[in-house]
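So the sequences go chain by chain: A and B. Numbering of the first sequence is given in the numbering used here, commencing with residue 1 and proceeding in unit increments. Numbering of the second sequence is given in the numbering used here, commencing with residue 1 and proceeding in unit increments.
Treat the hints with care, since some could be wrong.
Note: identical chains are not told apart, hence a pair may lie in one copy or across any two.
DSSO-like, lysine-lysine: derived pairs with alpha carbons at most 30 Å apart [to be verified]:
| hint | residue 1 | residue 2 |
| --- | --- | --- |
| 1 | K74 | K279 |
| 2 | K216 | K227 |
| 3 | K80 | K279 |
| 4 | K74 | K278 |
| 5 | K208 | K278 |
| 6 | K80 | K470 |
Source of the hints: derived by calculation from the structure; they are not laboratory data.
Number of protein chains: 2
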Amino acid sequence: MSDSLHIAALGVDAFDRAFEETSTPFIHLDWRPPAQGDTDLVDILFNIETKLVDEKGESLVQKANKEAYTRICKGQPVLKRLRPAHECIPGMTKKSIFHAGPPVRWEDMCGPMRGAYIGALKYEGLAATDEEAERLMASGEITYGPNHANRCVGPMTGMISYSMPLWEVVNETYGNTAYCTINEGIGKVMRFGANGPEVIERLKWLEKVFAPAMDKALVRMGGLNLKNIAAQSLAMGDEMHQRNVAASLNFYKAICADFAEVLKDDPNGPAIVEFLVKKNEQFFLNLAMAMGKALLDAARDIPYSTIITCMSRNGVDFGINVSGLGNEWFTAPCLKPKALYFPGFTEDEANPDMGDSAIVECYGIGGFAMGAAPAVVRFVGAGGLADALEYTRSMGRITYGPNPDLAMPNVDFAGVNTGIDIRKVVATGLLPVINTGVAHKLPGVGQVGAGIVTPPMDIMVQALKAFAKKYL
Amino acid sequence: MSDSLHIAALGVDAFDRAFEETSTPFIHLDWRPPAQGDTDLVDILFNIETKLVDEKGESLVQKANKEAYTRICKGQPVLKRLRPAHECIPGMTKKSIFHAGPPVRWEDMCGPMRGAYIGALKYEGLAATDEEAERLMASGEITYGPNHANRCVGPMTGMISYSMPLWEVVNETYGNTAYCTINEGIGKVMRFGANGPEVIERLKWLEKVFAPAMDKALVRMGGLNLKNIAAQSLAMGDEMHQRNVAASLNFYKAICADFAEVLKDDPNGPAIVEFLVKKNEQFFLNLAMAMGKALLDAARDIPYSTIITCMSRNGVDFGINVSGLGNEWFTAPCLKPKALYFPGFTEDEANPDMGDSAIVECYGIGGFAMGAAPAVVRFVGAGGLADALEYTRSMGRITYGPNPDLAMPNVDFAGVNTGIDIRKVVATGLLPVINTGVAHKLPGVGQVGAGIVTPPMDIMVQALKAFAKKYL
Numbered sequence: 001m002s003d004s005l006h007i008a009a010l011g012v013d014a015f016d017r018a019f020e021e022t023s024t025p026f027i028h029l030d031w032r033p034p035a036q037g038d039t040d041l042v043d044i045l046f047n048i049e050t051k052l053v054d055e056k057g058e059s060l061v062q063k064a065n066k067e068a069y070t071r072i073c074k075g076q077p078v079l080k081r082l083r084p085a086h087e088c089i090p091g092m093t094k095k096s097i098f099h100a101g102p103p104v105r106w107e108d109m110c111g112p113m114r115g116a117y118i119g120a121l122k123y124e125g126l127a128a129t130d131e132e133a134e135r136l137m138a139s140g141e142i143t144y145g146p147n148h149a150n151r152c153v154g155p156m157t158g159m160i161s162y163s164m165p166l167w168e169v170v171n172e173t174y175g176n177t178a179y180c181t182i183n184e185g186i187g188k189v190m191r192f193g194a195n196g197p198e199v200i201e202r203l204k205w206l207e208k209v210f211a212p213a214m215d216k217a218l219v220r221m222g223g224l225n226l227k228n229i230a231a232q233s234l235a236m237g238d239e240m241h242q243r244n245v246a247a248s249l250n251f252y253k254a255i256c257a258d259f260a261e262v263l264k265d266d267p268n269g270p271a272i273v274e275f276l277v278k279k280n281e282q283f284f285l286n287l288a289m290a291m292g293k294a295l296l297d298a299a300r301d302i303p304y305s306t307i308i309t310c311m312s313r314n315g316v317d318f319g320i321n322v323s324g325l326g327n328e329w330f331t332a333p334c335l336k337p338k339a340l341y342f343p344g345f346t347e348d349e350a351n352p353d354m355g356d357s358a359i360v361e362c363y364g365i366g367g368f369a370m371g372a373a374p375a376v377v378r379f380v381g382a383g384g385l386a387d388a389l390e391y392t393r394s395m396g397r398i399t400y401g402p403n404p405d406l407a408m409p410n411v412d413f414a415g416v417n418t419g420i421d422i423r424k425v426v427a428t429g430l431l432p433v434i435n436t437g438v439a440h441k442l443p444g445v446g447q448v449g450a451g452i453v454t455p456p457m458d459i460m461v462q463a464l465k466a467f468a469k470k471y472l
Numbered sequence: 001m002s003d004s005l006h007i008a009a010l011g012v013d014a015f016d017r018a019f020e021e022t023s024t025p026f027i028h029l030d031w032r033p034p035a036q037g038d039t040d041l042v043d044i045l046f047n048i049e050t051k052l053v054d055e056k057g058e059s060l061v062q063k064a065n066k067e068a069y070t071r072i073c074k075g076q077p078v079l080k081r082l083r084p085a086h087e088c089i090p091g092m093t094k095k096s097i098f099h100a101g102p103p104v105r106w107e108d109m110c111g112p113m114r115g116a117y118i119g120a121l122k123y124e125g126l127a128a129t130d131e132e133a134e135r136l137m138a139s140g141e142i143t144y145g146p147n148h149a150n151r152c153v154g155p156m157t158g159m160i161s162y163s164m165p166l167w168e169v170v171n172e173t174y175g176n177t178a179y180c181t182i183n184e185g186i187g188k189v190m191r192f193g194a195n196g197p198e199v200i201e202r203l204k205w206l207e208k209v210f211a212p213a214m215d216k217a218l219v220r221m222g223g224l225n226l227k228n229i230a231a232q233s234l235a236m237g238d239e240m241h242q243r244n245v246a247a248s249l250n251f252y253k254a255i256c257a258d259f260a261e262v263l264k265d266d267p268n269g270p271a272i273v274e275f276l277v278k279k280n281e282q283f284f285l286n287l288a289m290a291m292g293k294a295l296l297d298a299a300r301d302i303p304y305s306t307i308i309t310c311m312s313r314n315g316v317d318f319g320i321n322v323s324g325l326g327n328e329w330f331t332a333p334c335l336k337p338k339a340l341y342f343p344g345f346t347e348d349e350a351n352p353d354m355g356d357s358a359i360v361e362c363y364g365i366g367g368f369a370m371g372a373a374p375a376v377v378r379f380v381g382a383g384g385l386a387d388a389l390e391y392t393r394s395m396g397r398i399t400y401g402p403n404p405d406l407a408m409p410n411v412d413f414a415g416v417n418t419g420i421d422i423r424k425v426v427a428t429g430l431l432p433v434i435n436t437g438v439a440h441k442l443p444g445v446g447q448v449g450a451g452i453v454t455p456p457m458d459i460m461v462q463a464l465k466a467f468a469k470k471y472l
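For reference, chain A alone in the conformation it holds in the complex (with noise of 0.2 Å):
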């Protein structure tokens, strides 16, 4: 060997091996074009960085995008109260059904949504059979559409009907609020798409039992912050999507006392405490993801900004939305999620990757916090404690900043990467990272997994084009 060759392998990683096998010194490095090499995108983020300044030359932009930012760091969202839907939401009547993600006909819904659907006309009495379910859907008497169109969200297939409980959360700075459902804990449950009677079952005693008496304690307390209840939980190993063990008991934790005094007399008591303290370690997820909701919407509508203020699935398409591109979406057909599958389940037998949740992300826990929360990398299978730090520090590459209130312990006491900027995810070609459960694309099966997904990176260029269109 010459010493003065030296090689320095770009990008794809194809030539590594013949070196290694060699034995010829050779550094990797994980090199992409721009953009993908597309010189239109190029142009674009070029255009934007040049072109969109104001009079002192400064990026309006970069100004938009710290808005953005400042403004979901600055939220403070604050649960009050845990009340039917048809209270919260203005003008739903009880033949008002709403699913996750971006809207999608009934004709063409996934699987387990459509399962989904059937179970929650069942658990609103609007239908007896599963034949009956779907024929009123085809009749086009039941109004459906996107959650996040409701100021609400959900995980999975994400129903929300009349009689279900929502989750209120206010963000006290901003004076917006956001919705979520109760989590149903693991098993048969709706959100994966099962209706049998134990999950209707299961929906009716969380309605009539454990929401009347939650609203009553967080009624007597007069709000929980959420956000405190996520700082300690990054501390205890939770990244709030696939992992909420410690979230669940701090949350429990929070309450307790209120909880207590309002359980005093009621017979049901041991049950309440056992659903919620014990038999459901995903519990604070739905608080997590109106938490997300409540942030995220105060960074809607910001002229000029390029931050994602949500990202969402309904098992057919994934969609997102821009700040500065207000409640348009940008669609695609959902990836299906690298998972670990339950014994006895395939990849074949997979959904594509659905739901809300990926509405945690956006404000950099879940699969952007995998660091903070080593033992979930192995639940989703997503390698050990290198990989989970390596895509916790990726994804400082495409957001904005730390967030100063949620620092994760394990990552040196980092704040977690807020606000996905989708200029930096198509320049540097990486997507954000989501953490999820994975349904069985049959109607009525439910989960059969949980894995790591990504957006599909072509809404990220549909999303950079409308915002050139808009603004260049």
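Based on these hints, arrange chain B on the given structure of chain A.
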């Protein structure tokens, strides 16, 4: 600079600065002479290695230590009851009061220990005033001595008197039993030497209100394996000495169903739940200690073993027991912790190191598991994440091996370092690191800070010499 000059700085770092200032390239090797350069000790270590061998030439010490390590790891510590000390400790009378650490006489006790004895006599109704209590102690009428000699442990002053409820932990693998008091919570507490009316009142509440309900719940559930709680909590950022936030909640989670049933008709139910869940983040510490005592006692009295079976401090002396040396104490004056002090207090007011709690470091948690609990390093003033990881890794050099049941996700799922070997401590000069609370040196004041501490090296040397005398 000549290309051929290569500088390695060994051991002391006095020269490093000179190299740095002159930009001279060098590497610093953290080398120390074996056994601190003491040739007698080097001889002992060499002779242990070469002379204590079986017919196949295999080390008797290594074999004995493997047995000790295996017993520590294989023990299954099951919490069975919470009941009065006099039901647990054979021969205990109303006038028996036991303390933390190795034996110490009343007239030699440190301030907080004296304060605690005064409090314990008032709590038992044996004295009405401080003066009366002091007279009684001086009279010789009170039986006192180390908790460890009574299968017990207690944090800080470690008071165990007749009426105090004790957690009863049975090591189901080896049949031995261990006990520890209930953690009193924060503020003015007897374990830190406080003894005013609110201290006594809280202890009476624990005895009369809390303990009977908890014992009923434990009997109802039939026992709880504490190792499962410890394993879960290591994945949630606790090292279980100075941080028990997750472990305390996980304990409640495990018993919540039975506890809720027991508390259903108890008017004190809400106060009991609030004490356990919300008001006492160190609640699990005493359970971790009882677990440690149950696990370590099973490794006592193994001929030839150099594994430490307890580390314990009475505020004056630090004592250890070593498996192959039975119940003999090796003692020397306690060091003062390197600590962060609460506002208004300084190191001048700190009492030297105290308590039986270092039993948890003997099986690999506490200071040994700081890598699993980066949030704790700031609380004890011991640096950042890198320091936490380094403390944990370095303890691998003085222990037998990793505990397969207690993995630390933050340390890439490594097991905690278990089984402290006095040979390795003396050979490396590396002392066990202990996380600890700090008491005010005067009686009756209470906690003033938290920090880290080590045993004095002298007791390791004493023990090694005693080992040589017995076996070589």
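Hints versus structure:
1. When the C-alpha separation of K74 and K279 is checked against a cutoff of 30 Å, the pair qualifies only between copies, where the shortest distance is 29 Å, while the shortest distance within a copy is 33 Å.
2. In this homomeric assembly, K216 and K227 come within 30 Å of each other (Cα to Cα) only inside a single copy, at 21 Å, whereas the closest approach across copies is 37 Å.
3. In this homomeric assembly, K80 and K279 come within 30 Å of each other (Cα to Cα) both inside a single copy, at 24 Å, and across copies, at 23 Å.
4. Only between protomers do K74 and K278 lie at most 30 Å apart by alpha-carbon distance; the minimum there is 27 Å, versus 33 Å within a single protomer.
5. Both within a single protomer and between protomers do K208 and K278 lie at most 30 Å apart by alpha-carbon distance, with minima of 20 Å and 27 Å respectively.
6. For the homomeric pair K80 and K470, neither the shortest alpha-carbon distance inside one copy (38 Å) nor that between copies (69 Å) is at most 30 Å.
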